[in-house]
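Got chain A sorted already, so can you dock chains B, C and D with the ligands onto it with the hints?
Residue numbers (the working numbering), protein chains in the order written: chain A, 69 to 404; chain B, 69 to 404; chain C, 51 to 372; chain D, 51 to 372.
Worth flagging that the hints you see were computed from the coordinates, not collected in a lab. Be careful, since some hints might not be right.
[Stated by the list, open to error] Computed far set for chain C versus chain B, every beta-carbon distance over 12 Å: (1) G125; (2) E134; (3) G194; (4) K214; (5) A246; (6) A255; (7) E265; (8) E269; (9) A286; (10) T313; (11) H319; (12) R322; (13) S331; (14) D336.
[As the list claims (entries may be wrong)] A few chain C residues facing chain A, derived, Cβ under 7 Å: (15) D144; (16) L155; (17) L160; (18) G168; (19) P171; (20) V174; (21) T202; (22) E205; (23) A206; (24) I253; (25) L335; (26) N367; (27) Y369.
The C-beta atom is built at its ideal place from N, Cα and C for all residues, glycine as well.
So you can see what is in the structure, the chains are spelled out below.
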Amino acid sequence: MSIKSYRDAINECLHQEMERDVNVVVFGEDVVGGSGTEGGKEAIGGVFSLTAGLWGKYGDNRVFDTPISESAIVGAAAGAALAGLRPVVEIMFSDFFGLCLDQMYNQAAKFNYMFGGGAKTPMVVRTTTGAGMSAAAQHSQSNYNWVTNIPGMKVLLPSNPYDAKGLLAAAIRGEDPVVFYENKLLYGIKGEVPDDTYVIPLGKGNLTRQGKDATIVAFSRMVHIANAVADRLAADGITCDVIDPRTTSPLDEEMILESVQETGRLIVVDECNPRCGLARDIAGLVASQAFEFLDAPIKLVTPPHTPIPFAPNLEHAYLPNEAKVEAAVREALGGR
Amino acid sequence: MSIKSYRDAINECLHQEMERDVNVVVFGEDVVGGSGTEGGKEAIGGVFSLTAGLWGKYGDNRVFDTPISESAIVGAAAGAALAGLRPVVEIMFSDFFGLCLDQMYNQAAKFNYMFGGGAKTPMVVRTTTGAGMSAAAQHSQSNYNWVTNIPGMKVLLPSNPYDAKGLLAAAIRGEDPVVFYENKLLYGIKGEVPDDTYVIPLGKGNLTRQGKDATIVAFSRMVHIANAVADRLAADGITCDVIDPRTTSPLDEEMILESVQETGRLIVVDECNPRCGLARDIAGLVASQAFEFLDAPIKLVTPPHTPIPFAPNLEHAYLPNEAKVEAAVREALGGR
Amino acid sequence: MQLNRDQLERAYRQMKTIREFEERLHIEIGLGEIPGFTHLYAGQEACAVGVCEALTNEDYIVSTHRGHGHCIAKGCDVPGMMKEIYGKAGGLCDGKGGSMHIADLNKGMLGANGIVGGGPPLAVGAAIAARNAGNGRVAVAFGGDGSCNQGTVFEAMNMAVVLKAPVIFVFENNGYSEHTGVSYAVGSGDISARSAAFGMPAIKADGSDFFSVYEATCEAVERARNGGGPSSLEFAICRYYGHAEGEPQRYRGKGEVARLRETMDCLTHFRRKVGEAQLLSPERLDEIDVEVLELIESSVQGARTAPLPPAEALFTNVYNAY
Amino acid sequence: MQLNRDQLERAYRQMKTIREFEERLHIEIGLGEIPGFTHLYAGQEACAVGVCEALTNEDYIVSTHRGHGHCIAKGCDVPGMMKEIYGKAGGLCDGKGGSMHIADLNKGMLGANGIVGGGPPLAVGAAIAARNAGNGRVAVAFGGDGSCNQGTVFEAMNMAVVLKAPVIFVFENNGYSEHTGVSYAVGSGDISARSAAFGMPAIKADGSDFFSVYEATCEAVERARNGGGPSSLEFAICRYYGHAEGEPQRYRGKGEVARLRETMDCLTHFRRKVGEAQLLSPERLDEIDVEVLELIESSVQGARTAPLPPAEALFTNVYNAY
Ligand SMILES: Cc1ncc(C[n+]2csc(CCOP(=O)(O)OP(=O)(O)O)c2C)c(N)n1
Ligand SMILES: Cc1ncc(C[n+]2csc(CCOP(=O)(O)OP(=O)(O)O)c2C)c(N)n1
Ligand SMILES: [Mg+2]
Ligand SMILES: [Mg+2]
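The shape of chain A in the complex, shown without the other chains (with noise of 0.2 Å):
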């Protein structure tokens, strides 16, 4: 155990699976980085350094770069996939599936049940997400809703250095094909990661917080802003618990109607944008299944039904913050 940065456990468990099985290979634009130049292979290790030294140890076949051809990766993931290899390749940013969610849409999510089963298609589409580098509008959204609508795809949304390293790794054993969305704020942080490998179950939510009062449920980065409102309210003595379901599809609904039967609260905090997001998914699912334990009206802390603006005072505004959280949750207690 040490401590590890998010980008760091995320590495660490890539040259891990590497090693553990000859068949994970990464490809992606630039995750080797000096293909073709005269500073040569590796000369940069990937645009986020997440990619870095693999290509050193496991050489051509296992690490390459590939062209600007977005379909052609996912594709050819999903083929390799169905051939036996495990591939786990990058997307630089989750905005730019609009050019390759067919491949995994209509493939890759698909074969196992339009073939009538027997289809194993262990791919890994790792990729980034989330607002707050003023990246602009399209270089920045959350559209981890589309691919959760996907029946036949997982997704995955660490939201912490441990979390990271052990979804990937069970994402990279599994033989389905998985997102895994590497929120970019996070590759900073850093936290306690063993040095072995682990495996954390797909499905299974964490409680980063326990309480009575409410709860809230918080994907990726904004666990982080659910995390630090509980802790402030604790002061004030109202408890919340915070779920981190850690997986979108699938998702741990058990935790969520569990914990709303007894706080009788829902407060749901997204960086997607509103419309058919995962803050409205849950709350459907919560007024659905749960609705006899609600006690207020479900309170939804999202981005406004907008593009993400590039101006940093504009961008800050959009994005769900502590103070947003703390007033949703305040306002669910009917104003406490």
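Chains B, C and D with the ligands alone, transformed into the frame defined by chain A:
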């Protein structure tokens, strides 16, 4: 006023709008049909015959076939719209959006925002939606939830010939990008449609049945199921509001919330897969904004979280139907 | 690349099986027996069979919406295919895929595909797996003339070149993508030249001649197996039926199909060639014809009488593990 | 195609403005003044300016993530650009777009684009609008060597040929897509040959020479205006800074950038050429240099002191009408 099919209402609208405004152009795969063949152009007139007769009247520059290049089709529409045209393009099946969503998501929908205003992108992507034809997993899907999620896109789901014509006209005359989802199973249904042009404002729902015991919100073909159930229940003395929102973005939230305030019960019927689909979206809306009026758990009738099977008996089991909706309404009413 | 008697018989049997399978489906669809959209392969048999005869059972193919021929040529079970297309239990995909998604992973048949251009990226991936395993397998991506305008196909070709992946891109140029002519939709009109511009050898051949197809494919397969990377093959062929069943084909020339059947038929060509070269006797071929017809008949009967998929099949196979 | 004195001065002024704009941004970014991701165009000026000098104000361009140069060359307001990149009120996009989405529709500049390959389909559409209006306008799609592997770009090229749309595809080949070399990522290595295979004329020229760029573009523009359809232009050029600011460029050769600045600089070339031909005096060019530096300085001061966008700007411009 005369009786027209949904198909003919759309075709008539296209003819009238092209007549009205020289900037309206129509293109897509096989929208003329027969380009580059011995049989000659318009030998066919659109795969589902929606564009029949347009080329003959408006000629090569305004009505043309394209190669199989969904990204370029939608992108060309967006670029043409920025440059003054009003393109109405066809993507044969919305199942293909995974190939071309980028041009809606990152381009057309965001121009006006990213450019700080002044960008008009009047374009309509006509496409088909819906299961029930044994068209299997890749030609039957409902993904309007994805597009509803995108700020800047308007999303239209006509459920009858009258709405089809009026909504399409509104889309063509507006200044924003629109996706117009035609339900394949509705092409043949008939209804009263004025011969003259008219516009249905976007964001205004249609109360297709009036009642006091429950509110049923249903989309596209599901509206017919909801109406049939409402009629049947009325014979038993149970009356329902049935709301056809007609457009999912903008959404007539007011109509839904007001109805629930009266009835206290909500059933949503939708053909999207359940996670992050429209059913949970509407449920989330109501559970957060009209919670205090709800007298019972919200009931959601959707397909299961599976791809769409080919075999007709399985596809039938997959789809919402009258029996499932009736059961949901009765459950919402506590078993009445 | 010399074909022995067994191979020739197999090739003929497969071509004939495809033909009769499709001719029979044409009738069954007319009778309303088959649900959904069906795209018939009749007329193009020499292409599927010529290509697959150059492959082993272990090699991979990815197919298109027009996939029955590729399936049969790759050795898929014919009665199982028929059940699948009827949407019945015991079908190749338990009735859950249907004509557009028919597949048999055990035969290296990675699926028909309802998405034009969906397959080629998959083939690149399968080829990478083969390259890494060093098992000498190759992956064939079938596609039509229309598919060659889809961005995914270009991406796949470029990526295959970059990665020196053992992929063979086969373009079956039947002159039409749905109701649009190839001369309209393909800028430059030359599919092979487009492939070549990505940096791979590109060959054109007569797709109605089994032997030309086979030879061109052997060359590409050998190159791929030897680490020489991808190739592109373009075969000129003819489609006998409409794009999908039920489509009136008004875009075709007067008498075009009759003329093609008369002059370009791959089965007729094959019979003439093996007859002239005295490789197979007409009597033997006639025997095969009879056997094929029996197989088709029994497959149809089997499909008709097969039970529907069980209700719980709706919920299975979504994930391998949840 | 003879350039008069005014044109030459404008060309030099624009190239110099781009250069100084980017050199200054490099410094400002280092100081932490600029939010977000910024891709500098320094080194490639002759390409943007050579192309845009062949266009009118009414013609369209679509740009890339590396869009400042294209903006300036198309005549966008420099202080407004600077404010935009600083994320300030009064920016070209009111601070809502930033470097990657900078645009000015009134100048026919349809936007920088954060999506590699996002622009070319838009250019095809703008060209169709021009074709239909019969206004003789053309649309230029700028792209890099890396973008030429994106499926959307191939689709756009094919569609432009099919529709005979007046589009010019400009590939600025600076040898790198992010940290990957062109020789690795582009199968065949020959971007122009790939364009040509779609059935359009494709020309290569030295992108560091304003005059070569201008001439090649004039030819393509003339063809497009006269109904001759699309063309492809590939310009070899050099990027002086990292892919995005803050990136250490370890993939570049030792001393590569210094050598390029020394030997391939477009401003130096231009000065030498117009000097040798006695078209513009060094003194006049020096005057322009001073004016440009003043403009950049005042633009930076203007951007620094400009107010933030008002809070309500978050909610505006999502739709034209709801
Ligand atoms: C992405 C996508 N676009 C459009 C279609 C509709 N479609 C199915 S087949 C086809 C034509 C394909 O033509 P070609 O590649 O020549 O194959 P052929 O039908 O001639 O075998 C089209 C447009 C589709 N299935 N997928
Ligand atoms: C669809 C997409 N994929 C990847 C990226 C990340 N990215 C931004 S620029 C770039 C390289 C582009 O190279 P090139 O086209 O040569 O342009 P240059 O940067 O050299 O100007 C990449 C991979 C992106 N923005 N969009
Ligand atoms: Mg074809
Ligand atoms: Mg480059």
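Checked hints:
1. G125: holds, 22 Å
2. E134: At roughly 8 Å from the nearest Cβ of chain B, E134/C sits no farther out than 12 Å, so the non-interface label is violated.
3. G194: Non-interface label on G194/C violated, nearest chain B Cβ at 9 Å vs cutoff 12 Å.
4. K214: The claim stands: K214/C keeps its Cβ more than 12 Å from every Cβ of chain B (closest is about 27 Å).
5. A246: Given a closest Cβ separation of 19 Å, the condition holds.
6. A255: holds, 23 Å
7. E265: Non-interface label stands for E265/C: nearest chain B Cβ at 30 Å, farther than 12 Å.
8. E269: holds, 28 Å
9. A286: For A286/C, whose nearest Cβ neighbour in chain B is about 16 Å away, the distance exceeds 12 Å, so it holds.
10. T313: holds, 16 Å
11. H319: holds, 23 Å
12. R322: holds, 27 Å
13. S331: Given that every Cβ of chain B is farther than 12 Å from that of S331/C, nearest at about 39 Å, it holds.
14. D336: holds, 36 Å
15. D144: Nearest chain A Cβ about 3 Å off; hint holds.
16. L155: Because about 6 Å separates L155/C from the closest Cβ in chain A, which is inside the 7 Å limit, the hint holds.
17. L160: holds, 6 Å
18. G168: holds, 6 Å
19. P171: holds, 2 Å
20. V174: It holds, given that the least Cβ distance between V174/C and chain A is near 4 Å, below 7 Å.
21. T202: holds, 4 Å
22. E205: holds, 4 Å
23. A206: holds, 5 Å
24. I253: With a minimum Cβ separation of about 23 Å from chain A (threshold 7 Å), the hint on I253/C is violated.
25. L335: violated, 34 Å
26. N367: holds, 4 Å
27. Y369: holds, 5 Å
Hints 2, 3, 24, 25, counting from the list given before, are not met by this structure.
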